[in-house]
Structure formats: structure tokens, C-alpha cells
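Given next are the chains, with one letter for each unit.
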Amino acid sequence: MSTTAASTSGAAGSADSSPPRRNSKRPKYSKFTQQELPACKPILTPKWVISAFTLISVIFIPIGVASLLASRDVVEIVDRYETDCIPESLRGEKATKLAHIQDPLSNKTCQRNLTVPKHMKQPIFVYYQLDNFYQNHRRYVKSRNDEQLRKGREANTTSGCDPEDTTSDGSPIVPCGLIAWSLFNDTYNFTRNEQSLNVNKKDISWKSDRDRKFGDNVFPKNFQNGTLIGGGSLNPNISLSKQEDLIVWMRTAALPTFRKLYGKIEVDLEANDVITVVLQNNYNTYSFGGKKKLVLSTTSWLGGKNDFLGIAYLTVGSLCLFLAMAFFIVYLVKPRRLGDPSYLSWNRNPSGH
Amino acid sequence: MSRPGRIRGKLRWSNLYTFSCIRPHVLESEGGHSLQGPGFSRVVYCNEPRLHRRAPLKYPSNYISTTKYNCITFLPKAIFEQFRRVANMYFLLAAILSLTPIAPFSAVSMIAPLAFVVGLSMAKEALEDWRRFYQDIKVNTRKANVHGGDGKFCHRAWQKIQVGDVVKVEKNQFFPADLLLLSSSYDDGICYVETMNLDGETNLKIKRSLEVTLPLDEGDAFKEFKGTIRCEDPNPSLYTFVGNFEYDRQIYALDPTQILLRDSKLRNTPYVYGVVIFTGHDSKVMQNSTKSPSKRSRIERKMDYIIYILFTILVLISLVSSIGFAVKTKFGMPNWWYLQPQNTTNLYDPTRPILSGIFHLVTALILYGYLIPISLYVSIEVVKVMQAMFINQDIQLYDEEIGKPARARTSNLNEELGQVDTILSDKTGTLTCNQMDFLKCCIAGISYGVGSSEVEIAAEKLMAMDRSSVDMWENGGRDFRVSGIELEYGIIPKVEKAQKQNMIKGFNFEDDRLMSGNWLKAPDADAILLFLRILAVCHTAIPELNEETGSFNYEAESPDEGAFLVAAREFGFEFCKRTQSSVVIKEKFTFSGEPIEREFKILNLLEFNSKRKRMSVIVRDQDGQILLLCKGADSIIFERLSKNGRAHEEETIKHLNEYGEAGLRTLVLAYRKLEESEYSDWNDEFNKAKNTVGAEREGLLERVADLMEKDLVLVGATAVEDKLQKGVPQCIDKLAQAGLKIWVLTGDKMETAINIGYACSLLRQGMKQILVSTTNEDDHKEMKDNILMQITNASQRIKLEKDPHAAFALIIDGKTLAYALEDELKVQFLELAVDCASVICCRVSPMQKALVTRLVKEGTGKTTLAIGDGANDVGMIQEADIGVGISGVEGMQAVMASDFSIAQFRFLERLLVVHGHWCYKRIAQMICYFFYKNIAFGLTLFYFEAYTSFSGQSIYDDWYMILFNVILTSLPVISLGALEQDVSSEVCLQFPALYQQGPRNLFFDWSRICGWMANGLYTSLIIFFLNISIFSDQAFHAGGQTADMSSVGATMFTCIVWAVNCQIALTMSHFTWIQYLFVWGSVGTWYFFLLIYGMTSPTFSGDAHRILTEALAPAPIYWGATLLAIVTCNLPYLANVSFQRSFNPLDHHIIQEIKHYKKDIEDQHMWTRESSKARQKTKIGFTVRVEAKIRQLKGKMQKKYSTVSNHSGGS
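Sequence order for the protein chains is A and B.
According to UniProt numbering, the first sequence is numbered sequentially starting from 1.
According to UniProt numbering, the second sequence is numbered sequentially starting from 1.
Don't read these hints as lab results, they were simulated from the structure.
Quick reminder that beta carbons are idealized off the backbone N, C-alpha and C, glycines included.
Each hint should be verified, as a subset may be incorrect.
Which residues of chain A face chain B? A few of them, derived with a C-beta cut under 7 Å, are [as the list claims (entries may be wrong)]:
1. K25
2. R26
3. Y29
4. P46
5. K47
6. S51
7. I77
8. Y81
9. Y140
10. L309
11. I311
12. R348
Here are the computed lysine-lysine pairs in the DSS-like style, where the Cα-Cα straight-line distance is at most 25 Å [said to hold, decoys possible]:
13. B/K138 x A/K28
14. B/K226 x B/K152
15. A/K41 x B/K1159
16. A/K334 x B/K1155
17. B/K124 x A/K25
18. B/K1159 x B/K1173
19. B/K58 x A/K25
20. B/K784 x B/K799
21. B/K124 x A/K94
22. B/K330 x A/K142
23. A/K264 x A/K207
24. B/K749 x B/K654
25. A/K31 x B/K1155
26. A/K25 x B/K138
27. A/K108 x A/K201
28. A/K41 x B/K1155
29. B/K726 x A/K28
30. A/K118 x A/K142
31. A/K28 x B/K124
32. B/K168 x B/K152
33. B/K1158 x A/K41
34. B/K611 x B/K799
35. B/K611 x A/K47
36. A/K334 x B/K152
37. A/K221 x A/K242
38. B/K58 x B/K223
39. B/K205 x B/K613
40. B/K726 x A/K25
Using the sequences and the accompanying hints, generate a full structural model.
If you want it as C-alpha cells, here you go:
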């Protein structure tokens, strides 16, 4: 079909109207439509490349050294106790260990002695570390209700908390869900030279969690009342915003091995101090063979003890230094003048195109 | 308007014409065809459109619609179209499943991007359809002159025209519907029709009405007019029509000569009346319109493979995940009391691990869906629309004269423009402008005309160049090529200036010996007089007074004829009037000195057709002398010359050869004096033949005409230039240098095609021409064998050729091509054609054009581009990978079928070399980058699964993941795809060799794709394990807190956003403020989002509440991890690219450097030298022609020198 714009009807009329219409079809000039916008065209010259690599190494190596030093500064005491805190006779079989830990009447108190290797400046953070515990399992992660945790009047909102949403008679559990239900409940008491060390359990969670995520008018209800008892229980008279252990626990960890903050010891510990820990070994990690560790650690500006960051920075930094040198040497040996037309393909192999 | 035409046009062409409008006088009254059976149900009541308002006679209105959708069908149809894409279907399924607990993400995070993507694509569809709708409106509201009753005609929109309406169509108007011709301004109901829109033929066709309707030639006559047409139902056949016309209780048979088809144009006829038979979509042209095939670019097809690969990877890792999950669920989960394994649903049932595994498979398929970039399609779509916009807006593709810009009519082939290997071009209207200029003539053996054709100018240029370069060579100048090129560019403006001086269309003759009456003094003035008279009398044109200038314009059947008449006018023989039986010539210069009007009685007219290749008129001049004036092809005329008419034969042949070599079209003029008795004898016989009824009539007529056209006396020859379009030779030269092969497919005869081949430098002296043709027509088998033999011989010849500079040209005609395209021969034919430097196919039908295109496309497997302007090119335009239509002339058929339209052939260079090159690189880089970024992101999800016992938990917040594709990484990649330029457009044009990066597919080959994928894999590994190790278990804060999942996730995501955005910044080589804004804006947006998201209610943001302000930003380790990840991720790419650039640079790298250091300005000599060398090895084009010439001269010099030295040595 013909849709030509050059209409042929009414010769006189179209003759008059054609010039303006023609002009209107002319593309309007703008730098953008003509693709002529001023542009920066950086190119990777050897000079640029060598200096970039050098620059990276100059920045990275000091950072690596600094982080490595920071990490080395941190003093860390790790004590694995899950096996040692089971009476010796019961240690052999998984079943006996389980029976021991699940027996509400058995004595779970256990005493550990830790020697401080180096001077530890306060605050000294107390962590518990679990292993092989999938806090990041999808079933687990989803099993909570933020609405309920936040607002007192939303106690009945338990969607997503299945199977730990309501008790058998249908009344809602606060806080509901598997995460809260499996709350860690080992406890630690520290003494140094028969002098009890106070563990400060305040401010171990994020402030915004306390202030905005866990309501101060939300109180535990029907918690751990069911037939299945999971982990620790909560004092129904203290609002959730003050139950910092729960708040810390509810921040699910990314990996199956994780540490969580238990409290802070706010006095310095001297080298060779012996610290006695009296712990209640309540939490069941025996069914899935998870380790339990007690960790005392100071922090640096970078956080806890982890050499990885420093090493990684040093590695990358030195790699860049190596590359810079390699490029430099190769450039010295076999220099290419920039913009040398003899490297154009038609000059390099004039015959074969 | 019609009055003067009517008076002027009292002509009965049928009495003049001999061959083309043979009227079967007798049959007409003998009743019509028998129209029985299905397919012949149409009844039209003429002049009674009311009757067609109700069933069963209600036919579709004349409203046409080419849109795909309307308001109601848009949604369902467009949605259906969208979900025909496999990827979209996958995302739809994922979105539906996200409503169930199987899905790892919230429903909104799946549905929102899908809705966005589908919505955007649909919006594009809607916009394109709106444009079509707008076009339709323009057509539908055109005005036509329709009989409104009582003999009054009024203007009405095309769409309101109904079957049965009587319409009046005036000159140069299109027919609004298929009409039955009732009468025309000529007495015998003849009219001329231009069918260029339908079949691409530029010659006018003659239509004539029935005898009985001739009186219906005035408005008043239609007061009482009634008639009934019974005819065939609508069908697409353009050349057939069967029907009966019942009028005055008589039945008359109708045939195609009475039918005027919609979209053809009335020419040379002031007006016609017709009655509407088929309207709107019933009309033949609409029935003919085929939906243009949807084409996909090579890159996109390859992209599909990558998508399949990614799908495979997706399925594979999903399987790994679900097997892992099933195993973990069966053996691990019973021990995980904190998950209450005894209370689970099917999703996590340790007692039924296989079922859970299957459910998990679905979860995993959705979770890892980020490997398949949902936004890839939409980003590509957006980018292509923008690229198309840049093509549409390019001022340098805008033709000032016609006022038409270039149009990318489909946006999905932009990058294909950068990969073209073979161009198949039409000739008329594409390479040439279908305008003939009278340039030279040869009268009585003397050549007149000093004006030179473009080819001759080129030849002169060559000679000049040769001289200068030979000088240089002799003087020890090594780089003779440079001077040649410079010279070429120096001369072109001069040529253009020469063209501008020529003001008269069709006349480019310069020779004082003939102009302004000087010929009267020439020794053979008689011959010249005769020559000019033949020009002025022997034709079928009609003069038309141009009131502004007072001179005459001519409506001729072919442009050659028009050029002759203009020439005659300029020489002082103005053809000013045609009556039924005479032609009046105003002779300005006579021997008596007085201008005089001479009347020639036309006794007979034996018109031109392709078989006869000649036309003659028999006239009686004022002295009563009967003359036969004849013009025709040289081969035809020379064999009909009388013994004493060959006086100047030798010289004429010599001049004819010169003209031919210069690329001019030649005709030979001759005459014969007739005795009265001789004529009347012949005329009796002729009339007898004319009145014969039956099949033998035509043969008889021809034989009789043959008797008359003999014993001619040679007068002279004409040479007409088939004008090339502006810039065609230069464009072809550049395209050849860019490594493109050019084939010419033309409907014209071989001689013309070869002429144009020379004119465009597709052929040159010294090129070995391979003519494949057939001689005998009888035996099919024999002919085939013959052709096969010719082809194998030619192939053999090429194989045995030792000279590296030897070039071959294949020239084949349509009849031979028909055999060559058959299955048994086509492989050999293609092999031969590919070995030849240029291929010219003549006399090919539209169908053959398409077949050749398909052969090249499928046989070589390379990208083909077809360019043409007429409806006869539609087939090849649709068949080729890319179809380009020339929108310069009126025929829009080709443009409507094309993918790109440009106003002139010369714009093809910029379209391919600049836009094609850019678009190819942009899209290639963009797709590679897309896969890179999605692999980098998607695989981190998979690694994390291994740490969650494959439970299907993702480490990132759902919102991060939505944003990743839709906002955080989409704009930079779009800016890469739309704005990246490796080199500027000037450089692209100066260095045509750069174009070869596309056809060689340097930027989207598997090694590059795999490299990018490996880069993605590397990035994902680095980011995941770096973060996992850094945030393993210790405190990440001076405050002692350990990192939870949300902090690790947010940090990891920060690293990814940084890494992929830095990567794209490294990839780009052209930064405008837009790229800066988008790339760094994306990174900024991420932090901004994290801030805002953290401020929202904790029930909404969950663990991400206040994450940036409280947890991440104060932690140096967060920033440290980010910096480390950015550098580590981009290090290999940077090292690799720097290495490549330093030691194995690509051409555009060097040019970038030259430009960067402004060496092109400092060392202009080097710059021009390199740009002249930057071309592919080619054997066609102007520059090569120059080189060949220089080689030849050098060879000669060498020989001379050696003989001289031998000589001196001997003495």
C-alpha cells in the first residue's frame, strides 16, 4: 500500500504546504542526537597502567599492614566445652549425651579454667560460638514475625511462625517462631582469683533493634509452654526490648558457624590470670554434633581477630606491585610508541586482510 | 481544471497504436464471460452505493488498517506476544510460583520486574502501532472526487468511498480503490497508468475503457447512469481480472485492461471516471501486501544460544542444589531439632526427601533465575530504540533536496548493519536516478557534444592522476597512492560544480556547432535537420504547456524519450501540439531564417516494445512526402539499412562504441522515404492485419511492420546518460574498501547494466568479464549442461589465474539465472559468483532477485543487505538479512517493506560504516557485560546455598535483588549500549577497514563471550569468599557485635554493585556526562537506597533496618572489604586489557591513541597515508581502478626502460 507523504491530491495546495513540511522533517540539531556530546576518552596507556598498579599497591600494602597489626593486637581466648562438660561416663555415645542434656533434672553445671595469655584491655567481649547450626536455613529464617515483636497489640499476629505459632489450645506464642523458640540458654559466670567478674549484658545488641524492632510493651506469652521445649525461656515480666539475649539471637547468622555476643567484662585482664568459668551447659548441640565454644576477645578498631583482611590486602597490593613492575620491565624491553601506525593491522600484515 | 485538458486531449490513441491496445472489437457485444461457481460472487451496482450498505451486498469500506492491534485487542494480543518469548514465560511462571511458599522470594519482588519489563516492551509495541495507525489515517483521509448524485462531484475522504461509487481521478493522483475505467479525457477512453508502486516498472501502462461507457465523460452523464458488474471475488493477482458488465440490457466482458488498481497513479491523462469495484482490504494491492517477515540479528540469535547455555547452567546448579537439599534433609535434618523436623510440611520433610527435593528444584530454579537477566531483553530493547533514534536524527543522513531523513523502521537490526558482508543493489532508482540526460549525438558520422558524463569525468580524472602519479613515481616518490587519493578528493567538487550548471532536466549537451542554430551553417545541415526532426516527431509523448516559463514539458512513456524531446526543443525543434493524426513542431531556426510551425500527419505508429527494440512513425510532411522515421537499438537498425543508407556506418559504429564505453545509452536513428503507392499498398495490408481476429493477429502485424521497417537510411545516433545518483561511485568505492561485496541485480538489459557497472567502477578496463548466457532456447537439458559448462570453465579460469591483481566480473542475465538458480547448479553458480569481484545480474524478475538474495544468504552464511527503491525490490528486501529502501522517489512499496530507509544510496556508507559499526560494538559489548554481571551476581546466591544446607535462603534482601537488575545496573549498561563510541564518526569514515571488525565478529565471538563469562565467575568467587572470610565469625565492629546475615549480605551486595559498575567504567572508552552520571549515580543510588530502606519501618525492612547508619558505615571493615573487592575483581580484566593494548593492539586502539595525542593534527601526512591504506583488499571501486591503471603504466614504463637499457647495453 502506498502511504507516501508526497500527497498528490490538490496540486496547488500541496505545493504551498510542502516547504514548511519538509523543514519540519529535518532532524533538529543537538549535540546529543548527533552523538557529538563532549566526551572524555581516557585510554589505557602503559604509563597510566603502571601508575595505577603502583598506586593500588602503595595504598593497599599499608592498609594490609595496618589491619594485620590491628588483628594481631586482639587477644582471644577460645574454649571448646561441649564434650568436656558432659560427665565422663556419658561422653561416648550420642544417645547418652542427648539423654543427659535433655534431662531437666541432671546437673549441667560445669567448671572451666581459662588462662589469659596476654594483657586484655577492657571491654572484653564474651561470645558463645556454635558450630554446624543452620541459623540460615530457610525454614528457620522465615519463622518469625517482626510485627508481633514490635507492637504489643499485635500479639495475635503469628503468620509465618509455623510450627511455633500458637500453643495447642490456639493462644498465640509471643515471641513466636522457631528462632525465638530455639533461644540459646547456656549461661556463664566468671570469677578471677575467687573474685566474681561482672558480665555486663546490656548494650550487646544493636541500639535500633532495642529501640525500634523489639517493642517495650511486648511481653513474652505462652513462651516455651508447649509440649516441645526448645531452648531458653524468657522472663514474662520483662519486655522484649530488654531481653537482649533474645535480640542478639534473633539476628540470624550468615554461616553455620557463628559467634554471638553474650556480654562484656568491663575490667582489664592481666596476663596469666586464671579465670574460672562456671557454666550451665543447657543447650542441645549434641543431636546435630555441633561444637560449643566460649570466646573471650578484645577488639581493635577493625573488630575481632581476623588476619584474613590484612593478608588479602597485602597479597593484592604486592600482586599489583608485581604487575606494575612486570609492565614496566616489558615496556622497557619491548616498548611500543603510542599511536605508532606501524601497529595498524594493514601495516602489520599488508597482504592478508 | 479538467476543461483545458479535455480540449487539448481529443486524441484517439487506439487508432495510432499498433501493438499495445489491441481492441477486440467484435467480442465486446457478444456477452460476457460465464461466471459460475465459487469465487465469482461479487455484484456491484454502479452509481448506487446505497445498495451496498446492507448485507448481502455490504462490502468492506475503503478504510484500511495496517495496525496490529486496536484498543480492545491490544492488551490480550500484546501480552500474548510478550509471553511467546521463552524467557518471559519462565519469569511469568516464576512470578506465579512466588505466590506459593515454594518461592525463595516475596511475590512482589518477582512480579514487579516482570511487570516493568513486559510493560515497557508493550509500550514500545503500542508506540510503533500508533505510528502505523497515524500513517493509515493519513491515507484514509486523502480526498477523492466522488459522484454525490445529480451529476455533482464532491470531495470525500478515501475511507468514505464505497463500492459502486463513481469517482473522478485527475492527473498524478492515486486511485483510491480498484476501479473500472469508464471513460477518460481522451475520446477513446485511454489512460496511462504508472504502476511503480505495484510492480516497480517505470514505463507507463495503457488502460482503456469499454466502448459503451465512453459517453460517460462528464459529470452530468452520471445522473442516470446505472449498471451492474458481476465479477471475481477479491484476490491478490495483479494481472488478472474476470468480470461482466451489464449495461443497457447488454452484457460486456471485462478484462484487466479496464481495471485501475489502487495505489497506481494516473499519468499523462487529465482525468478519468471510474466506478469502484474493490475497496479497502479487498483491493488487489492490499490483498497482495504480505506481512514482512520478522528478522532477528545474528547477535540476537547467538544470544539465544548463550541464554540456552545459561539455562543449562541454571538447571544444573538447581539440580545440584536440590540433590544436596534432599541429602541434607534426609540425613541431616532429623538431627536439627531447632527446625522441628517432626512438624514439617512437604517442603522440608526428612521422611520424604525426594518430594522435598522436587519442590526444592522449583525453588532453586527461581532463586538462581538471576543468571538469566530478566532485564536483558528490555535493556536491549531500550538501547535499540535509542540507536534507531540516533539514526533517524542524524542530520548527515538527511537529504536536503527531498527533505527526507533516514528511518530505522525496525529497531532490532541495528547491530546487523555492522556485520554486512554482501550488498545486493537494485539499479534504477537506487544507483541511478532514472533520469536521462541527452549528452551526445552522432550525425552523419560526426560526433557532437563536448559535455562529459560522470564516467568520462572520472576517466579524465584517472588520466590526470595517472600522469601525476607517474611523475611522482619517476621522481622517486614512493607513495604514489597517496597523491592519487588526494587528487580524487580534489576533483570531486569540480565535478559537482559541473553538474550544478546543468539547469535543464534531461539535457546536458554542449556543443556550439549545433546550438542556437549554428547547424544551419554546417556542411551536412540536411542530415542534421532530419536528425532533429526524427527526435521531435518519432515518439508517443504529449506536450504540456508550462505556463510559468512558456515552454513545453513532455509527458513521455520513458525518460529516454523525454530527453530526446527536450533535446529537440533546445535545438530549436519544439514539439508543441499533438492531435489525433498530426504532430506540430515549431522550428525556430530554418534556412529561411523565420520560425515556422510545421505539421506532420501521422499515418502510422509502430511503437516500441522490448521484442522489437525499435519504434517507427510514418508521417506525411507538409510537402506531401511520406517518411518513415525510425529509432532503435543499434543491432536492430544496422541490419535494416539499405545499401546506400550505410554511408556513415563505420564512423557511427566507432562513435557508438565510444559512447558505450563511457557508460551511455545509445539509440540509432534512421529514415526512409516512401512513395505514395508503396505506402498505400502496405497500408492496406497493414489494416488487414489490424482487423484480423484471433491469435495470429499479433504475429501478422509484426510481419507487416517488418516489411516496412527496412531499407533504412542511417542518420545518426544519440547517446543518453543514465544519470547516477549523487555520490554513488564514491560510496561504492568506500564500501568496497570496507570489505563489502556489491552485487547489482537489475531488471534492465545487459548493455545498460554493464554501462552502469563501468560508471560505478564495479567494472573497469582490464577486468576479466565472465558472461554467462544462453543462446538456444529449445532444450532445457541441453541448456542446463551448457550453463554448467560455462560456469565450470569460468571457475577453472579463476583458479588458474596467477596474477594477484586479476579481477573477474560475472555478468549473467535473467534467463540464464533461472537455470543457474536451480538446485543442481546453484552451488557451482554461487562458488563462481563469490570468486568474482563483482557480480551483475541483468533482466532479473523480482522473484529472481529474492531467490538470488536467498542463495547468497544461505549459501555463504554471511549477512546480506538488499537495497532498492521499487516494488520489484520488495522480495529481495524482505529476503535479505537487512532490507534498505530508498525513500527518495515516490514509490513507497520498498520503503514499507524495508528495515531501514534512506533517501539516497550514498547514505548507505554512513549508515553502515558509522552507525552499523557503532551499533554492533555497542550491542556486543552490552550483551557480554550483561551476562558477566548476572553471572557474577547469580552465582554468589548459589555459593551461599552450600552454607545453608541448600535450603533456598538467599543472603540478600529481596529488595536488593529487584533493584540490582532494574535500577542499580541497568542505566550504565544502557548508556554503554546507546552512547559508546570506540572512535568518532569521522574516523569511521576515514578508516573504512575498521568496519571489518563487525563482519569478522571480533567482539562477539565465543572466546570473547567465554572470557566475559569467566570474568563473571571469577568476580562471583572473589566477592563471595572474600566476604565470607572477612566476616567469618569474629566481631566486625569495635563494639563487639558479630556480623549477621543481613550485614554480610549488604556488604557483599555493595561489593557487587561497585565491582560491576567499575567494570563497566573500565569497558567504556567514551565518557560523556551521561555515562558519568549513570555509572557513579548507580553506585550512589545503592547507598541512598540502603539509607532510605533502613529508615523505613522495621516490619518492612526487617534486618536491614538502620543497617547502613548503625552497623555498616561505622565499621572500617565494611569499607575495607568493599575496596578490596573492587580492586581484586577488576584486576584481571585491567591487566588483560592493558596487556592486549600494549602488545597486541587492535586498530581502533591505535587510532584512539593517535587521536589522544593529537598526532593526526601534528602529522597530517601520516594520518592521510594511514587512512588511505585503511581498506580491505578489494578489486572494485574507484581507487582500485586508479591503481590498476597505474600498474599498467608502470609496467609499460618498465618495459620501455628495460628495452632502452638493453639497447644502450648492446651498442
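Flag every earlier hint the structure violates by its number, smallest first. The structure conflicts with hints 5, 6, 7, 8, 11, 12, 19, 21, 30, 34, 35, 36, although it agrees with all the remaining ones.
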